[in-house]
Amino acid sequence: MKRTIIFVFLFLILGPQVFASERQIVVLTSLETPDRQPFWRSKNYEISRSIERRFRSKLKNLEYKIVFEHNANAVVLESYLTSPQTLALFWVSHAVDAGGGPVGLEYSQSIFDVFGNNVADLFKRIHPNMRWLSIIGCKGRPILERYHLQGFYDLNSGLVLQSFDRNISLRRGINQATAQALDHLENMTSIGSFSGTNLMPTLDSPYQISIIPHLNDDFAGALFIGDYYLGLLRANEAVTHFAVPESLVRREKAKLTVRWLVLNELEEITWPADLYIETSGSRGPQRFFADWNGLIYGGQQNLYYLEF
Amino acid sequence: MKALKVLVLVLGLSFIPQKHAESAVGGAVALTTGSPYIAISGLLVLGGSSVVINRSSSDISDIFNAMIWMIVGLTLLDGEEGQAMGFVDVETNVLLDQGLTIEEAYAYQDSIEELNLVFSVVSSQLNNDSTAADAAALWEQHGQLLDDDALSGAIKLVKGLK
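First to last, the sequence lines map onto chains A and B.
Residues in the first sequence are numbered consecutively from 3, following my numbering.
Residues in the second sequence are numbered consecutively from 44, following my numbering.
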């Protein structure tokens with residue numbers, strides 16, 4: 003008994019310190035090396051290797067472990083964004099903010115991965131332990147600021163968001179982001195504000211959907227009710243559950259959009275078939291937006307009519 | 044010499060949007076957006092307009108960009124090339140100001156997801172060689188899946204592009 007009490011006591015005292023030592027800085031790059039190179043550049047030039055070298059040089063004084071993932075896809079991004087170990091995350095890719103068009107039409111806010119997917123919405127779900135989030139891409143700052151104002155980072159006390167509100171070159175982007183990150187991370191002495199949990203916060207809602215994802219590793223599905231991002235459907239055998247905010251359900255109904263994201267280099271794309279979805283209030287598969295033959299309509303996107 | 048260097052750098056920073064994520068999945072841009080401008084042009088043609096919208100850059104500017112890239116070698120992290128376009132929710136009174144009937148306004152608001160889904164499919168079936176007439180034909184075919192009022196409302200909104 004005495005041993006147990008001592009063990010619990012030591013865990014409570016030392017736990018956060020041990021936890022802190024596992025924290026890591028994550029650098030995700032999602033850029034393809036251009037085919038053509040300037041005449042003075044080596045033929046063996048690889049953009050990812052160049053980026054990694056620059057980051058290692060800039061962040062060498064930090065004591066945290068630095069993890070690099072190149073050609074990062076949506077699943078890799080989501081894994082690190084929602085990981086309790088991620089202290090700081092840098093995402094390097096092409097990006098552009100939303101643009102106003104005429105009434106009713108708008109250019110989408112976009113952060114592209116190397117496979118051409120727009121992964122901007124994935125940045126809405128981050129673990130409360132994250133303290134630095136940087137998007138090294140053009141005009142990513144308004145996107146992050148919008149998410150901040152919309153409350154997506156309310157649980158991340160002390161989080162610093164960094165990006166750019168203009169066009170930026172790769173080299174300049176890395177230089178500026180790492181300089182600002184060093185300033186923040188070196189001065190971050192306390193870990194007291196970390197949530198100390200490994201779990202992502204969950205939404206309390208009576209409206210739940212369950213999906214059996216019959217997916218292969220080439221695809222993930224980003225789920226939306228309107229503009230609201232529910233989460234990422236990944237390839238696994240388990241039933242995946244998502245909570246739908248009550249405010250988005252009208253008369254016990256909601257429209258679910260599934261946007262398929264490509265995760266690997268594919269010679270030819272065959273989009274996933276329709277999903278088997280059940281809701282908390284209705285058993286059996288949900289209706290979908292169908293084509294003339296009654297088959298699910300769309301390719302990269304599908305639409306389901308949920309009934310609760 | 045310094046002025047020349049600055050000039051080259053300025054030119055390099057200003058005119059190198061071509062290094063967009065080049066994907067191995069048959070064209071990243073096509074995967075994400077297809078040709079939304081031609082698709083919109085098709086919607087205009089369907090609405091009886093002859094205006095064609097084209098936001099794609101010319102071959103000459105592409106060659107110029109490539110030359111600058113070969114000299115300067117900067118990677119600009121610009122994502123405009125792959126940016127998608129879509130219909131968004133609009134308040135009823137604004138839709139009425141745009142000339143939509145009340146039925147069209149309500150149908151449009153109720154059918155944003157369906158409109159965007161058809162828009163994405165039509166866009167994905169077009170490329171830079173497609174014409175507005177091609178797009179109009181696709182809209183005519185796929186538009187049958189949409190509520191008539193929603194489609195006519197969308198056409199009126201697109202006419203606001205002119």
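Any given hint might turn out to be false.
Calculated lysine to aspartate or glutamate pairs in the EDC-like style (CA-CA distance at most 20 Å, straight line) [as the list claims (entries may be wrong)]:
| id | chain 1 | residue 1 | chain 2 | residue 2 |
| --- | --- | --- | --- | --- |
| 1 | B | K202 | B | D191 |
| 2 | A | K67 | A | E108 |
| 3 | A | K257 | B | E123 |
| 4 | A | K257 | B | D172 |
| 5 | A | K255 | B | D190 |
| 6 | A | K257 | A | D229 |
| 7 | A | K126 | A | D206 |
| 8 | A | K126 | A | E65 |
| 9 | B | K202 | A | E108 |
| 10 | A | K255 | B | D140 |
| 11 | B | K199 | A | E108 |
| 12 | B | K199 | B | E123 |
| 13 | A | K255 | A | D206 |
| 14 | A | K257 | B | D132 |
| 15 | A | K257 | B | D190 |
| 16 | A | K126 | A | E24 |
| 17 | A | K255 | B | D177 |
| 18 | A | K255 | B | E156 |
| 19 | A | K255 | A | D229 |
| 20 | A | K255 | B | D172 |
| 21 | A | K60 | A | E188 |
If you're looking for bench data, these hints aren't it; they were derived computationally from the structure.
Now the hints, each set against the structure:
no.	hint	result
1	B:K202 to B:D191	17 Å, holds
2	A:K67 to A:E108	41 Å, violated
3	A:K257 to B:E123	29 Å, violated
4	A:K257 to B:D172	34 Å, violated
5	A:K255 to B:D190	19 Å, holds
6	A:K257 to A:D229	11 Å, holds
7	A:K126 to A:D206	17 Å, holds
8	A:K126 to A:E65	28 Å, violated
9	B:K202 to A:E108	14 Å, holds
10	A:K255 to B:D140	30 Å, violated
11	B:K199 to A:E108	15 Å, holds
12	B:K199 to B:E123	26 Å, violated
13	A:K255 to A:D206	18 Å, holds
14	A:K257 to B:D132	14 Å, holds
15	A:K257 to B:D190	16 Å, holds
16	A:K126 to A:E24	24 Å, violated
17	A:K255 to B:D177	36 Å, violated
18	A:K255 to B:E156	14 Å, holds
19	A:K255 to A:D229	16 Å, holds
20	A:K255 to B:D172	41 Å, violated
21	A:K60 to A:E188	13 Å, holds
The structure fails hints 2, 3, 4, 8, 10, 12, 16, 17 and 20 (numbered hints given earlier, in ascending order).
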